[in-house]
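**Student:** The primary structure of each chain is shown beneath.
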Amino acid sequence: SQKIEQNSEALNIQEGKTATLTCNYTNYSPAYLQWYRQDPGRGPVFLLLIRENEKEKRKERLKVTFDTTLKQSLFHITASQPADSATYLCALEGVGSGGYQKVTFGTGTKLQVIP
Amino acid sequence: DSGVTQTPKHLITATGQRVTLRCSPRSGDLSVYWYQQSLDQGLQFLIQYYNGEERAKGNILERFSAQQFPDLHSELNLSSLELGDSALYFCASSATSGGNNEQFFGPGTRLTVL
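These protein sequence lines are chains A and B, in that order. Count along the first sequence starting at 1, add 1, and that's the number in our numbering. For the second sequence, counting from 1, position 8 maps to 3 in our numbering; every step adds exactly one.
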């Protein structure tokens, strides 16, 4: 069955360090993979989208890699700040009912940046 | 502000009741998605509509139903409510359909079933 795995344990990191979050998937062949940020009680906010033919994508302090052989995406936040503390979700598409593409979210990893 | 609106913000009701949650997508977006998020749980995909038609279905209970109207707003109907239905319900919209579209999420409706 299709599965998206993100580390369910919270990641605690010192301010200024690079945070690395992992998204592994099985039985998907996604053409796209997305990362979102969610703060408590609020809706997720889109951060980055990476295509299967892109190995790496950057946006300011954020970097995403996408390895379709390993079936893994890594999400990096460099020079992390306490304001980066949130839950980070990966999302990827698979075939849903009726043959249409469906985007599924992972359960997310909670990041805590310690001052 | 994502441009997606959801009403009401909060809803408190009793078991066995029926409620309707409403979502207005961003201007121009054709796809609407509904998600359920229970306390400290992940986002559970319920259903997606695209331009008025059901496009994908997740683990949506038979007691739940949804529709997207010609003006593209959507409603999620929850009936015979149980305590376990208490959750945050998010609506999201995207320009079209598929994984190459970022989703814009609304602020959510917090449902409490007593």
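Derived by calculation from the structure, the hints in this document are not laboratory data. Note that the coordinates shown come from a computational prediction; the quantities given were computed from them, not determined experimentally. Ideal Cβ placement from N, Cα and C applies to all residues, glycine included. Incorrect hints may appear among the rest.
[Claimed, not checked] Beta-carbon label-pair distances, calculated as ranges: (1) Ile115(A) / Glu70(B): 14 to 24 Å; (2) Arg52(A) / Gly(-2)(B): 39 to 49 Å; (3) Gly(-2)(B) / Glu61(A): 42 to 52 Å; (4) Gly23(B) / Ala32(A): 16 to 26 Å; (5) Gly23(B) / Arg52(A): 32 to 42 Å; (6) Glu55(A) / Pro3(B): 18 to 28 Å; (7) Ala80(A) / Gly(-2)(B): 28 to 38 Å; (8) Glu70(B) / Ser30(A): 32 to 42 Å.
[To be verified] Think about it this way: if two alpha-carbon atoms lie no more than 25 Å apart in a straight line, the pair counts; the simulated SDA-like pairs of lysine to any residue are: (9) Lys4(A) / Ser33(B); (10) Lys58(A) / Phe64(B); (11) Lys111(A) / Arg21(B); (12) Lys58(A) / Leu106(B); (13) Lys60(A) / Lys4(B); (14) Lys4(A) / Asn54(B); (15) Lys56(A) / Asn95(B); (16) Lys56(A) / Glu97(B); (17) Lys58(A) / Leu34(B); (18) Lys64(A) / Gly53(B); (19) Lys64(A) / Glu49(B); (20) Lys4(B) / Pro41(A); (21) Lys111(A) / Glu49(B); (22) Lys52(B) / Glu6(A); (23) Lys4(B) / His77(A); (24) Lys58(A) / Gly42(A); (25) Lys72(A) / Pro3(B); (26) Lys60(A) / Arg21(B); (27) Lys52(B) / His77(A); (28) Lys60(A) / Ser33(B); (29) Lys4(A) / Asp(-4)(B); (30) Lys4(A) / Arg21(B); (31) Lys52(B) / Phe47(A); (32) Lys4(A) / Thr2(B); (33) Lys4(A) / Gln32(B); (34) Lys52(B) / Asn25(A); (35) Lys52(B) / Arg38(A); (36) Lys64(A) / Gly93(B); (37) Lys72(A) / Ser(-3)(B); (38) Lys72(A) / Leu34(B); (39) Lys52(B) / Leu50(A); (40) Lys4(B) / Arg43(A).
**Student:** Compare the structure with each hint and give your call.
**Tutor:** Comparing the hints with the structure gives:
no.: 1; hint: Ile115(A) / Glu70(B): 14 to 24 Å; in the structure: violated, 43 Å
no.: 2; hint: Arg52(A) / Gly(-2)(B): 39 to 49 Å; in the structure: violated, 25 Å
no.: 3; hint: Gly(-2)(B) / Glu61(A): 42 to 52 Å; in the structure: violated, 22 Å
no.: 4; hint: Gly23(B) / Ala32(A): 16 to 26 Å; in the structure: holds, 23 Å
no.: 5; hint: Gly23(B) / Arg52(A): 32 to 42 Å; in the structure: violated, 23 Å
no.: 6; hint: Glu55(A) / Pro3(B): 18 to 28 Å; in the structure: violated, 41 Å
no.: 7; hint: Ala80(A) / Gly(-2)(B): 28 to 38 Å; in the structure: holds, 30 Å
no.: 8; hint: Glu70(B) / Ser30(A): 32 to 42 Å; in the structure: holds, 34 Å
no.: 9; hint: Lys4(A) / Ser33(B); in the structure: holds, 19 Å
no.: 10; hint: Lys58(A) / Phe64(B); in the structure: violated, 37 Å
no.: 11; hint: Lys111(A) / Arg21(B); in the structure: violated, 28 Å
no.: 12; hint: Lys58(A) / Leu106(B); in the structure: violated, 38 Å
no.: 13; hint: Lys60(A) / Lys4(B); in the structure: violated, 32 Å
no.: 14; hint: Lys4(A) / Asn54(B); in the structure: holds, 14 Å
no.: 15; hint: Lys56(A) / Asn95(B); in the structure: holds, 16 Å
no.: 16; hint: Lys56(A) / Glu97(B); in the structure: holds, 19 Å
no.: 17; hint: Lys58(A) / Leu34(B); in the structure: violated, 32 Å
no.: 18; hint: Lys64(A) / Gly53(B); in the structure: violated, 30 Å
no.: 19; hint: Lys64(A) / Glu49(B); in the structure: violated, 35 Å
no.: 20; hint: Lys4(B) / Pro41(A); in the structure: holds, 15 Å
no.: 21; hint: Lys111(A) / Glu49(B); in the structure: violated, 32 Å
no.: 22; hint: Lys52(B) / Glu6(A); in the structure: holds, 21 Å
no.: 23; hint: Lys4(B) / His77(A); in the structure: violated, 33 Å
no.: 24; hint: Lys58(A) / Gly42(A); in the structure: violated, 28 Å
no.: 25; hint: Lys72(A) / Pro3(B); in the structure: violated, 40 Å
no.: 26; hint: Lys60(A) / Arg21(B); in the structure: holds, 24 Å
no.: 27; hint: Lys52(B) / His77(A); in the structure: violated, 32 Å
no.: 28; hint: Lys60(A) / Ser33(B); in the structure: violated, 31 Å
no.: 29; hint: Lys4(A) / Asp(-4)(B); in the structure: violated, 31 Å
no.: 30; hint: Lys4(A) / Arg21(B); in the structure: violated, 30 Å
no.: 31; hint: Lys52(B) / Phe47(A); in the structure: holds, 22 Å
no.: 32; hint: Lys4(A) / Thr2(B); in the structure: violated, 32 Å
no.: 33; hint: Lys4(A) / Gln32(B); in the structure: holds, 18 Å
no.: 34; hint: Lys52(B) / Asn25(A); in the structure: holds, 23 Å
no.: 35; hint: Lys52(B) / Arg38(A); in the structure: holds, 24 Å
no.: 36; hint: Lys64(A) / Gly93(B); in the structure: holds, 23 Å
no.: 37; hint: Lys72(A) / Ser(-3)(B); in the structure: violated, 31 Å
no.: 38; hint: Lys72(A) / Leu34(B); in the structure: violated, 29 Å
no.: 39; hint: Lys52(B) / Leu50(A); in the structure: holds, 23 Å
no.: 40; hint: Lys4(B) / Arg43(A); in the structure: holds, 11 Å
Figure legend: structure checked against the earlier numbered hints; hints not met, in rising order: 1, 2, 3, 5, 6, 10, 11, 12, 13, 17, 18, 19, 21, 23, 24, 25, 27, 28, 29, 30, 32, 37 and 38.
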